[in-house]
Amino acid sequence: MSENQWTEEIERYLNGEMTGEERARFELLRKENADLNSSIAGHKHFTGLLKHYGERLELERRLDAIHHEIDVHALKDELAEQPSWIVQLWRNHHSKISVAASIAIFAVLGTLFFTGYLSNREQNYVRLRGEVAKINRKADNINNKLNSLNRPGNANTNAAKFRGTGFALSSNGYIVTNYHVVSNADSVSVQNAGGKSFSTRVVYTEPQSDIAILQITDPSFKNLSPIPYSIRKSESDVGENVFTIGYPGNAMVLGPGYLTASTGFNGDSTAYQVSIPVDYGNSGGPLLDSKGNLIGIINAKQSQVEGAHFAVKSNYLINAIHNIPADSLNKSLNINTRNTLAGLSLKQQYKKLENYIFLVRVYNQ
Amino acid sequence: MSNDLNNGIPADNEVILGILNNSESVLKRLYLAYFPMVLQLIINNTGNEDDAKDVYQEAIIVLYNKVKTGDFELSSKLKTYIYSVCRRLWLKRLSQLNRYAGDIKDFQEYLAVDDEIEKNRERDIEFNKMGNALQLLGEPCKTIIEDFYIHNRSMQEICENFGYTNADNAKTQKYKCLQRLKKLFFQQK
Numbered sequence: 001m002s003e004n005q006w007t008e009e010i011e012r013y014l015n016g017e018m019t020g021e022e023r024a025r026f027e028l029l030r031k032e033n034a035d036l037n038s039s040i041a042g043h044k045h046f047t048g049l050l051k052h053y054g055e056r057l058e059l060e061r062r063l064d065a066i067h068h069e070i071d072v073h074a075l076k077d078e079l080a081e082q083p084s085w086i087v088q089l090w091r092n093h094h095s096k097i098s099v100a101a102s103i104a105i106f107a108v109l110g111t112l113f114f115t116g117y118l119s120n121r122e123q124n125y126v127r128l129r130g131e132v133a134k135i136n137r138k139a140d141n142i143n144n145k146l147n148s149l150n151r152p153g154n155a156n157t158n159a160a161k162f163r164g165t166g167f168a169l170s171s172n173g174y175i176v177t178n179y180h181v182v183s184n185a186d187s188v189s190v191q192n193a194g195g196k197s198f199s200t201r202v203v204y205t206e207p208q209s210d211i212a213i214l215q216i217t218d219p220s221f222k223n224l225s226p227i228p229y230s231i232r233k234s235e236s237d238v239g240e241n242v243f244t245i246g247y248p249g250n251a252m253v254l255g256p257g258y259l260t261a262s263t264g265f266n267g268d269s270t271a272y273q274v275s276i277p278v279d280y281g282n283s284g285g286p287l288l289d290s291k292g293n294l295i296g297i298i299n300a301k302q303s304q305v306e307g308a309h310f311a312v313k314s315n316y317l318i319n320a321i322h323n324i325p326a327d328s329l330n331k332s333l334n335i336n337t338r339n340t341l342a343g344l345s346l347k348q349q350y351k352k353l354e355n356y357i358f359l360v361r362v363y364n365q
Numbered sequence: 366m367s368n369d370l371n372n373g374i375p376a377d378n379e380v381i382l383g384i385l386n387n388s389e390s391v392l393k394r395l396y397l398a399y400f401p402m403v404l405q406l407i408i409n410n411t412g413n414e415d416d417a418k419d420v421y422q423e424a425i426i427v428l429y430n431k432v433k434t435g436d437f438e439l440s441s442k443l444k445t446y447i448y449s450v451c452r453r454l455w456l457k458r459l460s461q462l463n464r465y466a467g468d469i470k471d472f473q474e475y476l477a478v479d480d481e482i483e484k485n486r487e488r489d490i491e492f493n494k495m496g497n498a499l500q501l502l503g504e505p506c507k508t509i510i511e512d513f514y515i516h517n518r519s520m521q522e523i524c525e526n527f528g529y530t531n532a533d534n535a536k537t538q539k540y541k542c543l544q545r546l547k548k549l550f551f552q553q554k
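Here the protein sequences come in this chain order: W and G.
For the first sequence, our numbering assigns the number 1 to the initial residue and increments by one for each residue that follows.
For the second sequence, our numbering assigns the number 366 to the initial residue and increments by one for each residue that follows.
Honestly, I wouldn't trust all of these hints.
What the hints assert, rightly or not - Incomplete in silico selection of chain G near chain W, CB under 7 Å:
1. Lys418
2. Asp512
3. Ile515
Since the hints were made in silico from the structure, they are not lab data.
Yeah, the Cβ is synthetic: ideal placement off N, Cα and C, and Gly gets one too.
Please put together the full structure from these sequences, using the hints given.
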């Protein structure tokens with residue numbers, strides 16, 4: 001028998017197509033012949049696999065057909081967990097948001113470009129370098145941190161070398177300023193709020209408390225009306241509202257602020273520390289409290305620290321006045337004790353004070 | 366009563382009987398009943414609807430084979446069983462893709478079903494080999510084999526379909542085809 005025929009026999013046997021006699025003979029053969037037995041088992045397994053493979057394909061086809069009827073997309077939308085509103089917002093509107101963001105970026109860049117901000121970067125850098133140089137220069141002066149507040153005059157508007165501020169001590173022409181403003185001066189003149197200049201002479205100086213007393217000697221000077229402020233003898237308290245009026249530039253400037261310490265630089269008990277916006281040129285200006293009492297004379301600031309300025313205490317001014325030798329005074333110097341500023345608003349006080357504050361110009365070679 | 370049963374979720378024992386009886390309608394109702402649950406599982410764990418379809422059909426086949434071989438015991442709800450199988454299959458798929466982050470968002474309770482999936486996996490490999498072998502076999506052998514061994518057609522029918530002059534020729538042809546198919550099947554690794 002050929003293999004072909006054997007296979008057919010096996011198939012007939014497995015399918016139960018044999019007659020009883022054939023079957024008995026075949027089973028006998030199978031018992032005797034192990035090869036035949038394993039052929040039968042192998043054939044049975046392989047055709048069984050084929051059969052199951054067919055069934056699997058059929059099942060998959062049926063499942064696919066069923067699946068086809070499901071509206072998967074509707075189900076998916078229903079079952080997907082809803083993301084947070086911000087994600088939804090992005091999903092629904094991301095194109096619009098992107099366009100808006102692009103426009104915003106272009107607008108910002110465009111504005112920066114056309115206003116020259118981008119090209120100014122280099123200048124800022126140079127300026128910063130200037131600052132560093134300035135700081136280096138300040139470091140050189142570290143030993144005398146007290147910077148005097150007088151400043152070089154503006155050569156093309158007048159011939160003054162330095163200038164500061166001064167204020168009237170009496171109505172007959174005595175004026176107070178800082179010693180450092182007028183030191184080494186060949187001549188000193190003062191200018192009132194109206195722009196009129198008067199020549200003066202230095203009557204008395206007290207370098208240790210940085211005070212100088214001037215007297216207007218100009219014949220065109222007419223006596224002032226009575227001084228509105230009085231000089232306070234006792235110390236003022238930290239935290240008090242104070243202000244000064246001075247000439248940091250060519251115009252009179254009001255500087256309001258606070259008394260921030262009862263001692264000056266490095267614990268100097270002759271001075272107050274104040275937080276007031278002042279600049280070079282404010283030196284010699286009066287420091288007044290809110291009631292209009294004169295409590296000090298602005299004289300210095302601490303370099304490299306913002307808002308730390310100093311004022312000589314008013315009782316040193318009183319001392320200085322008492323120390324003036326009698327023969328230096330050709331007119332009587334009466335200290336005013338009547339204060340007419342109390343209770344007025346700062347605006348009204350400023351108006352009343354204007355006439356008593358002077359720009360001090362110092363000339364020397 | 367029949368109306369309710371035809372539309373709603375089929376009772377568990379009804380499904381078992383339906384599978385044993387090759388009931389088309391029970392299979393359909395079973396499929397429709399639990400697909401949303403599996404879709405929810407997959408799309409909320411970084412899969413898409415096609416992944417859900419693959420995983421779900423594989424799970425149905427696992428159930429189907431288990432019932433057919435007669436070793437299925439209803440020890441839990443059918444719903445839980447299907448969910449567990451799908452969950453296991455999806456975890457496996459995720460780790461194969463290196464997308465498994467170590468955590469999965471669950472929507473149902475589940476059981477351990479590892480061995481059942483392993484059995485199905487071996488079977489799938491054999492079926493794949495068989496499919497490949499049949500493709501390589503080519504016509505007319507493929508159709509002859511399919512007709513005789515899968516669709517249970519008689520040699521007489523096959524003879525007529527292919528225009529063989531006598532049944533012996535057809536039998537010889539079928540034998541040669543089967544030998545080649547076996548060779549192709551066992552050659553594959």
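Results for each hint:
Interface restraint check: Lys418 of chain G against chain W, minimum CB-CB distance 6 Å, threshold 7 Å, status holds. The closest approach between the C-beta of Asp512 of chain G and any C-beta of chain W is roughly 10 Å, which is over the 7 Å cut-off, so the hint fails. Interface hint status for Ile515 of chain G: upheld, as the beta-carbon distance to the closest one in chain W is roughly 3 Å, under 7 Å.
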